[in-house]
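From these two lone chains plus the hints, build me the complex, please.
So the sequences go chain by chain: A and B.
Once you know that position 140 of the first sequence is 140 in the numbering used here, the rest is easy, because the numbers rise by one and skip nothing.
Once you know that position 263 of the second sequence is 263 in the numbering used here, the rest is easy, because the numbers rise by one and skip nothing.
Quick caveat, the hints were computed from the structure, so don't treat them as lab data.
Any given hint might turn out to be false.
Some chain B residues near chain A, calculated using beta-carbon distances under 8 Å [unchecked claim]:
id, residue
1, S103
2, S150
3, Y202
4, Y218
Cβ coordinates follow ideal geometry from the N, Cα and C atoms, glycine included.
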Amino acid sequence: MPGRRNPLLTFLFAALILLFTGGPVALALYGSLVPDRILLDPNRSVLSEGPSLESYRYIFTGELPASYRQASANRAMISDAARQVPHSLVNSSIIALSAMLLNMLLGAPAAFIYARHAFPGKKLSFMFLILSPLVPAIALVTPIYMMLEGLGLTGTRIGIILVHTAKALPFTVLILSVFFRKIPQELFEAAVLDHCSRLQAFLRVALPLALPSIGATGLFAFMLSYSEFMFSMVLSGDAATRPVSVVMAALARNTDVSWSLLNTAIFIAIVPTLVLVVLVWRFVVEGLLNGSVKG
Amino acid sequence: MWTTQRFPAIWLLPALLPVALMTIYPIAYALWTSMHSVLLLFPDTPFTGIDNYVRVVKSGYFLDALYNSLLFTAIAAPLVVVFGTLTALFLQRRFFGSRIVRSIVLLPWVLPGAISAVLWIWVFHPSFGVLNGTLRALGAIDGSIPWLTSPKLALISVVVAHIWTQIPFAVVLIMAALSAINSETLEAAAIDCRSPVRRFRYVIFPEIKPMFVVLLIYNALAAFTTYDLVYAMTGGGPGTATTLLSFQIWKESFSMYDFGTGSAVAFIVVAISAVMILAITRALPSDLFEGD
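Looking at chain B on its own, in the form it has when it is part of the complex (with noise of 0.2 Å):
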């Protein structure tokens, strides 16, 4: 570790200026926008305080779209981590066709949102779908399961969907830094520890948790803010069963033109992402964060 006096300028600006250009100004225009009344139809911008986040949380929507987001969140991002890591896991190994396996992981990844819906519709669909279909095909069910118009199974079929989307990502972080551990640290361990679970446990899992915590952050922020995909596959319904919240950043600002009160979920949400990284940096404390 050298230690430098100076801010390095030259090795970090290159990085922090454009992420500085496309952050800043925006933010703070955004931050002002959700404390003005700024609508499409009105050319004034009156100062309005904190009135739009009131009217948000007062809203019919607000409880109903937090549970979801919260329980989209819940299950979807520790499901990616945990699937993403036993693949990678299960990839290390050779075996017949294991390369064909290793590149078709990655395929979802290629998809924008909109399309992976397209795909997921064609599989969960009530009469068409090849879900009900082989369903139907092994005897196992009679008419068809209303797998995207039924409350609890809308809510399953796009969490299924949005994993697929973020599987290969977690596969190739956590594989990189599987192969980063050091080898002699594995055959040690491949000697003193018979059990592949407590190999795990006690070996690899301490020397891939930095990689692991920047996973579930990466995918808890991802399945807080996403709405495409769930857009393109229920629209929100049945109800508000797969209303997400921040499906309602784009309902209010371009299907309602009320730019202030979109900004202000946004800030809502920013809220509540910057929380969910506290406690996930809390929770599994990681040399991430430090500044040794």
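Looking at chain A on its own, in the form it has when it is part of the complex (with noise of 0.2 Å):
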């Protein structure tokens, strides 16, 4: 972007960007290392007491923290939940990644030929597309759980991936198509005169051009898949197929769990997906800003 720049205005903006997206991150993360009985002292601070790692250790080993162990302790502070947060991170992660491969498969080709194609029934079903996420989630939880059962996907993470794939498709189709119909027509007519059949348009024209985009979409997909709670909850069944949403969830609606086990629970659930959101960050958005498609 050309223009003058007034580096104080640039820091300001960026400082406040940061306080409001990642404040109550970084409160977690505080939260995560100090226990609850300093927490809750306005006398003492994390500055007196340095910081501790025993949320972390109990997570990960199943060791109890020192203050728990006293025979006057109020064991309810402690949850087994929170016990399943790490193996719910790979539940998460193998249903989310396959959500976003799912949806860049079956979304891309249905995009292209919406941006690019005229035919009949053409305006017919992608209403039905965009109309189809109207019904809130809630109403249908009921008989899509039926239904899976019938089938027997019920307690599977093969149930969750359907229903998430299904849920965040109208929305991939949707954002892919605006994409499609930026790239400029003359490419497509030039692959036309040469000859170019539409699948091959499709693979050698259409695709490369838009790959950062069909990025972009499916970190949408693997998003609203790792952080959808309702169906995940329904559909998910033991402690093997939990996803971290459904853990955590459980974690924050019980009251007495200690607002450090809380905060540590929240914080490695957010660390995977952070560096997944930064790796996908520098070659996705990064190279749509470094001009690698443009018109």
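Here it is, written out as structure tokens:
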């Protein structure tokens, strides 16, 4: 972007954005490192006591923090659900990555056709896609559960993957078709002149040009799946298939559980996704910004 | 633009079939439920026509919940899109640490509503909250501001938390749309048009308008149908100050076990959402829904 820049103003804006988006997460990090007795005591702070990793140790090894091993300690503040966090992260990653890949595979051809072709039934089928997410998911939980139970897919990851894929697909197609429309018409005309078939035009012209956008859209499907709670909860079975949103909600709704443990769980749940987000952001969005895709 | 006489099934069905599987039968089932009396304790499900709908509209919560939902959507959806666009425009710049800021912006995306609520309760909590703590330390207030327990402030607080959860998606999409603008267009605009505001108004905005409209629709829907964040933060209170219509679907179905009435609320939400989508596409016409 051309134009004069005021470094002070830039810094101010950056600080504001960081404070708003990162602030609550920084609080979770802080809370995870400080035991409750210090957190809720206005006269003590992390500065005088030093950070403590006992909540992290409990989640990964099951070793109870020293303060809870005393005879009078309130054992309800420790919940087994916290110990499921690492495994639920694996579950969530499998589910969300599958939903992401399926969305890119199934959504890209449809988006290309909607962006570049006229055919009978186009408006009707597009309207169906756009309007299908209108009905609030909570009203559809019961019938979808019964349907998947009939197919024997409840209590498995496949059922959740299927629902998450279908939930994100309308948005994938809608967003991708906006991107495919952006590709200059001349490129496709050139492709037709070179006797490219529709499939070749899609594979050789549209896909490479829109790859970063497809990645960004896939990221959207990943996030939708990773943070989805209701279907994950209804369709997952025991701890072996439970994704992270369900485990975290169980922790968050348990009002006895210690703040420190809850914040530790939240922070552990954020880290792997953060790594993935940064990677995708580097390759996809930075690529976009550096002008690899220009008309 | 190619024209085909046949419906390109091979290209479309992979996307259409899963969506159809998860919508047509479940929606038909929910519609059937909304016109029958489906109560957990009674095995019979007699046909009741529009009785469930009438009961919802006449109920004590309906007007309050509808008003709150519309207000919530009218504040939250445009703010998310506007803040998202401003942030995206700003993050296009390169400055020291710009990569870190770009990554941090995506953080709120990964958290389910119930967890975001926990983080924001910690911000707004009257006695342990960071916000009141900071204000006290600065000497701005003496006691504590009841962020979540005074009717007006509670709505503002949940709107702030909701915006926080939705900002990353808006930023990513607008940045992607911005970067798809032809660089020659931008260079020409930089020469012809000195004022950045006018440049945005006449050159950049028309280019990102379709994405802008998609985002606005998505956010209007997201705000109008959200309930978990708000419920976890305030439980719909104080009084009915943050009771949302979408929350009533959950309450009727899974708290009262009156699935018929729950589905009826859901279809009232659907009808209002449809009107909202229509209004947005009329107010901001773009080539998005044209069959060209």
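So which of those numbered hints doesn't the model satisfy? 2 and 3
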